[in-house]
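For chain A, the structure is supplied; the task is to place chains B, C, D, E and F on it using the hints.
Residues per chain are reported as follows:
Number of protein chains: 6
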Amino acid sequence: MLIKDMNWFQVEDYLKHDDRVIMPMGSTEQHAYLSLCTDFILSSRIAEEAGTRMNIPVYPGLPFGMASYFTGFPGTVNIRPDTYGALITDILDSLHESGFRRIFLVNGHGGNSPVQTFIGNWLNQHEDARVVIHNWWASPEVMKRVRAISSNASHASWMENFPWNRIPGISMPQEEKPGINPAKLGQLPASAVRAYIGDGNYGGEYQRPDEEMMDIWSAGVEETCHLLENVWVAPMHN
Amino acid sequence: MLIKDMNWFQVEDYLKHDDRVIMPMGSTEQHAYLSLCTDFILSSRIAEEAGTRMNIPVYPGLPFGMASYFTGFPGTVNIRPDTYGALITDILDSLHESGFRRIFLVNGHGGNSPVQTFIGNWLNQHEDARVVIHNWWASPEVMKRVRAISSNASHASWMENFPWNRIPGISMPQEEKPGINPAKLGQLPASAVRAYIGDGNYGGEYQRPDEEMMDIWSAGVEETCHLLENVWVAPMHN
Amino acid sequence: MLIKDMNWFQVEDYLKHDDRVIMPMGSTEQHAYLSLCTDFILSSRIAEEAGTRMNIPVYPGLPFGMASYFTGFPGTVNIRPDTYGALITDILDSLHESGFRRIFLVNGHGGNSPVQTFIGNWLNQHEDARVVIHNWWASPEVMKRVRAISSNASHASWMENFPWNRIPGISMPQEEKPGINPAKLGQLPASAVRAYIGDGNYGGEYQRPDEEMMDIWSAGVEETCHLLENVWVAPMHN
Amino acid sequence: MLIKDMNWFQVEDYLKHDDRVIMPMGSTEQHAYLSLCTDFILSSRIAEEAGTRMNIPVYPGLPFGMASYFTGFPGTVNIRPDTYGALITDILDSLHESGFRRIFLVNGHGGNSPVQTFIGNWLNQHEDARVVIHNWWASPEVMKRVRAISSNASHASWMENFPWNRIPGISMPQEEKPGINPAKLGQLPASAVRAYIGDGNYGGEYQRPDEEMMDIWSAGVEETCHLLENVWVAPMHN
Amino acid sequence: MLIKDMNWFQVEDYLKHDDRVIMPMGSTEQHAYLSLCTDFILSSRIAEEAGTRMNIPVYPGLPFGMASYFTGFPGTVNIRPDTYGALITDILDSLHESGFRRIFLVNGHGGNSPVQTFIGNWLNQHEDARVVIHNWWASPEVMKRVRAISSNASHASWMENFPWNRIPGISMPQEEKPGINPAKLGQLPASAVRAYIGDGNYGGEYQRPDEEMMDIWSAGVEETCHLLENVWVAPMHN
Amino acid sequence: MLIKDMNWFQVEDYLKHDDRVIMPMGSTEQHAYLSLCTDFILSSRIAEEAGTRMNIPVYPGLPFGMASYFTGFPGTVNIRPDTYGALITDILDSLHESGFRRIFLVNGHGGNSPVQTFIGNWLNQHEDARVVIHNWWASPEVMKRVRAISSNASHASWMENFPWNRIPGISMPQEEKPGINPAKLGQLPASAVRAYIGDGNYGGEYQRPDEEMMDIWSAGVEETCHLLENVWVAPMHN
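Chains as they are written, first to last, in this note's numbering: chain A, 529 to 766; chain B, 529 to 766; chain C, 529 to 766; chain D, 529 to 766; chain E, 529 to 766; chain F, 529 to 766.
These aren't lab readings, by the way, just hints derived from the structure by calculation. Take these hints with a grain of salt, some might be off.
Claimed, not checked - Listing some non-contacts, in silico: residues in chain A with all C-beta distances to chain F over 10 angstroms: (1) Asp533; (2) Thr599; (3) Asp610; (4) Leu651; (5) His654; (6) Glu655; (7) Met671; (8) Arg675; (9) Pro691; (10) Glu739; (11) Asp743; (12) Glu751.
Said to hold, decoys possible - With a straight-line cut-off of 27 angstroms between C-alpha atoms, the simulated DSS-like cross-links for lysine-lysine are: (13) Lys672(A) with Lys705(A); (14) Lys544(A) with Lys712(F); (15) Lys672(D) with Lys672(E).
Small disclaimer: the values here were computed from a predicted structure and weren't measured. Here a beta-carbon is modelled for each residue, glycine too, at the ideal position from N, C-alpha and C.
In isolation and in its complexed conformation, chain A is listed as follows:
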């Protein structure tokens, strides 16, 4: 149930019996040997699988996010935070104007999380709405499975290496990269980040067997479906 397969009459009909909607939030940024669009591909696919199963419309995802620390790697796109906050605000305004009230954002990029602060302010102006940012990769069921394999798992490592964001014909390094110190990164400009993290993997092996990855993936879809049904706090005083 994708918005791109619907016209406006169909959205109007849907809103007569439900007010939930999904939008993926991605990023186009270095992911070492994996696709530059890894966060966009994965969040979009999680959203589409869950939305289809739950009969909730899924908007096309945002391909670009906040990634200032990766602009030293060619191909990366960085949206500044005030731009990104304005963009999300405009989208929320539009969804609310359409009639959606429970808005579920499937986020694929940790760097996008600060947009929560813009959403908090938006909510104060739209008291009948609810907005959830779901960091699908960081949810308990997904994290449990990741850690069962290895605690050395991070940005651009095996943990993000799924069949749908690998580049055909690119073989992965065989070693396990030691974890970088993420606390060091925050103080650095992008040029120093590139010097510090080499190929872009933050730590961990580069690839794991597909059956392990599909188990993680299924848990991600399941958990997203579960939240779409159960996460909402009912209106209290409004």
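Here is chains B, C, D, E and F on its own, set in the frame of chain A:
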């Protein structure tokens, strides 16, 4: 040659021998009986076909654009002009930082055109860059073929009805809708626009035979390829 | 009936029987051998003649507009699009607060047209208002007369050469300049624009007889008056 | 020597031997029985007389300024401070790009003075420039003459009543209005300001003989000319 | 009665019987031999003494203000005017949301005064509120006492030298510095300001006996208390 | 070594041998029975103790932060994220202009963390600078001690109850409050947050013995000192 099928090493390699790049600009807004994502689907596909043929990388497209006049139709997303200008500015900054110098934007939505003014100001700060907005549907070769069929052709009419943005199972009205007066629309808020334009078609039949549409489509791809090769003005004094 | 000849008591009185108002939008930018203020002078004069004839108050015009592509020519003033959008928004807020509901902007500069997008968003917040941007030089009756003389007519050519924006003592070149390719201009920074267009004329002769020009002028004033009476779409559902 | 009587070639020539330029800053706001454009008319005229005498080009003035406290009076236009700051910043950028280095702003409205803070920040980015805001009515020679007539002189009183901003056919009240307490005004919204100040005069008689006014006017022009020649601080370390 | 000594229950209780609140506005900027935080220390202390005496809660003060002209002196912090206006606007929104209606800002820095324009616009959106900026050092009773000692008294001179903002162990120059011409300063970037004003004192002796200073201080506290009780204009039509 | 005890000469001297500086970031927001300024008091005190020990200057802290979710509790101040980002950006610009290069922000409020994204963009424009946000309460040594006492410890619980932010005369509830589900909070407007969390404590007892608290405090100061010496990544390629 899509950015989503490339990693950062590959972009770095590409930039050693070429500096062109493509990005589609779409919109998610009422298109009468057609997909809400019509402008996004068509501009993305034109861009991808042309980029693949010309070996120029294509970024994922922007799904949302400036559509304030359509917010009375559910499903429409409207990005305000200062947000949209900031978004394009951030993307241009990132592409320039990566090393791209000739940036080709395939635009699928007339309402996005005003972003040209933001681009003009950006260019004054980046004198070694060139940026083209290509309104693919309004280019001479496409327009010639459209007018050969009918001069009554506009937003959400047959002119935008391609196999890839029709909604399965939705049948089209058989009549030809008289053209609305676009000059009247500009003065109206979105609620009055909806009252004025009914189903959303601005004028014309709703569908034409696919062979006619594929001829238009081919011309659109051809012309885009031609421009990617020939449109650029060489640096003059910088 | 110029606002500069009215005090606030008189505006309050006027608003008891009419809610229309006029404001010119100009630009100060290179116009080859003609006045830098050509667009400001002409839009102001069209507005004042029409407003006087129709008994509708005319605000003083905006002398500066969006002209990023001409900043390579000394004397040009460029207002960035977010500034210009904010300026028009503040003015519309003020006119609405005063009690005006039908606002007619006489625009003298094509580069100002993108402000329409800001106006569209403003209208959605002020559903009882109507706002028209009237590009006086591009209206059907004016264009018909221009084309009857020559299709080679553009920025800073004879088409904009009226008695009230010529510089005393400056003689015009006698040749007819070939039209530049406007499609090339959009991709260029201002420095390259200057190198490309030489004296600033976009194409055409530099001067035509005053009787031809006065015929064009009269048509411009007439058409403006006609629109001030007839262009408005009545409120529909608000 | 008005910019509206110059083309870009002439500005380019001027800049070979001088780098000074003048721009008036006005406001369109209630002035009791006087023209709504009083501040715009007076600052423009002072600027034009001084510029002509000193052979310094004068740009057309800004008709609108910051006047939030007067929006309860119909006809008033209020520009918000961030808009006004952005507008002045864009203009300064343009003048600097043209080649002007000593920029003299003739201000006719006290409410515009806070834009000085935006100018201060702009100067830090343009160390070779100088910018003066000249509040012509508050300068020592003008104030000396005003106070010699009466210390009860303020906004919209006799002090601002010149032949060029009176409304034909409007007779002035004969009494002298007691001064309002300006300190009270700052805490009030516009609706309460209107209730507080009645016709809009802040205090004083409504009119004085023209010969007194012309003496004040001449002093204003003289002082402006004097400053245009002598106010500038030479570059020190840049 | 300081907000830092209150919890939210206590503020809720207070608001049942009073709606006044105080916030100091300071600056951290060069003050010659005195503390960089002079304006912050003094405005905070005036506010706290007055608030305690009057039983009105005092928020912690803003340590930073608008000081673009002093950035050539190490230690100075400059907040740009649009940032500062947004900051004050957010604070006013919060205080109003809490339930405060009469907001009293004790300002210690002349450069902050332009924020009045932002406040004026905010008031128009909150007609039941009143906001006063009190420049404590410039109030009549304080000024009377300052001038009785010397008319040569200005930024960073004896006039601002109180026991609570002197640096221990720093001795003051014994001479009286001639007044600089403040009218010259406004046209200069910060680097030239530093060259122009030397140690940072705008004019006057560097220190006076504490008994003189305590008399000034007491007048400042008294006058602040008086205004907190008497300055307010009652609602008129709202 | 507090900036409020220094003049600009002393800062200039300091910068000849060191380039580190500290600034606390607080918030004024509900903390149940504790001071509204808890986050401001604690971050300021940690900063001041560490700065004094390490001979690094400490600026006065920011009393207000991003707290949109608490505006339903009287006394809370909420700074919007674009305002807060602009504020931090202006401060970083000023510190860099002064000559500081290693900037250490002691943050007392989790809601301020998203400002990291603004800082990342700022760093890309100032490649010779380093900026660290130190969430003092969440650092490993502090967290280890907190968890040794209880894992039920959160906003406004015993974990934040130190001698310096208790309200004299207010007694604490004796029970242990069950932890609220923080994941639920993010989707809610402030009014619903207040209904959901009651007195404002997120979970845990309200008070623990001072000796336990002082052990935590000491660890916080120690760790801050350690980081001030050791956290910095040396310049790599710039």
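Point to revise | Structure versus earlier hints, numbers of those that do not hold, lowest first | key: 2, 3, 4, 5, 6
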